[in-house]
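Q: If you read the sequences in order, they're chains A and B.
Quick note on numbering: our numbering labels position 89 of the first sequence as 89, and the sequence is numbered without any gaps.
Quick note on numbering: our numbering labels position 37 of the second sequence as 1037, and the sequence is numbered without any gaps.
Since the hints were made in silico from the structure, they are not lab data.
Being a predicted model, the structure only gives us computed values, none of them experimental.
One thing to keep in mind: the hints can contain errors.
Claimed, not checked - In silico lysine-lysine, DSSO-like type, Cα no more than 30 Å apart, as pairs:
| # | chain 1 | residue 1 | chain 2 | residue 2 |
| --- | --- | --- | --- | --- |
| 1 | B | 1068 | A | 57 |
| 2 | A | 57 | B | 1015 |
| 3 | A | 57 | B | 1042 |
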Amino acid sequence: DSGVTQTPKHLITATGQRVTLRCSPRSGDLSVYWYQQSLDQGLQFLIQYYNGEERAKGNILERFSAQQFPDLHSELNLSSLELGDSALYFCASSLGTGGSGELFFGEGSRLTVL
Amino acid sequence: QQQVKQSPQSLIVQKGGISIINCAYENTAFDYFPWYQQFPGKGPALLIAIRPDVSEKKEGRFTISFNKSAKQFSLHIMDSQPGDSATYFCAASISGGYNKLIFGAGTRLAVHP
């Protein structure tokens, strides 16, 4: 158990809809990362937050947004969903700002868009 | 320049054999190279990591070999076991600051008994 909690584990929705994925980092970790894992794209970095502020951004679509709250949990909002958004979404956390420290991953939220 | 290229995509090894997974990178600013292991239904977990000031790091049956001039690094799993069957990801990042970890596409390893 990595200590990172993600909810929901599975989510099925329709195109055009909006969903929110939630992540609770390990106790004491200040950084939260979101990654998207699809069969043909591997693990794609989406966004990083450190202590409530956005610190690094990857290939995150404009339809996606995220935030980290004062209690350090994070939410990833996906809107106007398309079939291609179906993927596993992982949250990870680390104590520091990342780059040379271990990332602890949750078990992921599997999103299926029909 | 931000890509990390990983090969092979899949690998089948007999029990007791050596599994070798290779990665290459372009960005010479990368200075931290971890390998993550992912079992089905689980998130990736750190297996072993190396920095470019050493050419090799060994932890148990797992060894990272690093070639800075070629901008390549590889994971060797000695005496591969069925329990090693998983997906392995190499990654790279720039330490310090707010730097994202860039992952390779992954290698699905199957160790047959």
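Q: A separate judgement is required for each hint: does it hold in the structure or not?
A: Hint check:
1. Distance restraint check for residue 1068(B) and residue 57(A): the Cα-Cα separation of roughly 27 Å lies within the 30 Å cut-off, and the hinted pair is therefore satisfied.
2. Among the hinted pairs, residue 57(A) with residue 1015(B) is inconsistent with the structure: their alpha-carbon atoms are about 41 Å apart, more than 30 Å.
3. Restraint check for residue 57(A) and residue 1042(B): the C-alpha separation of about 24 Å stays at or below 30 Å, so the hint holds.
Consistency with the previously given hints fails for number 2 only.
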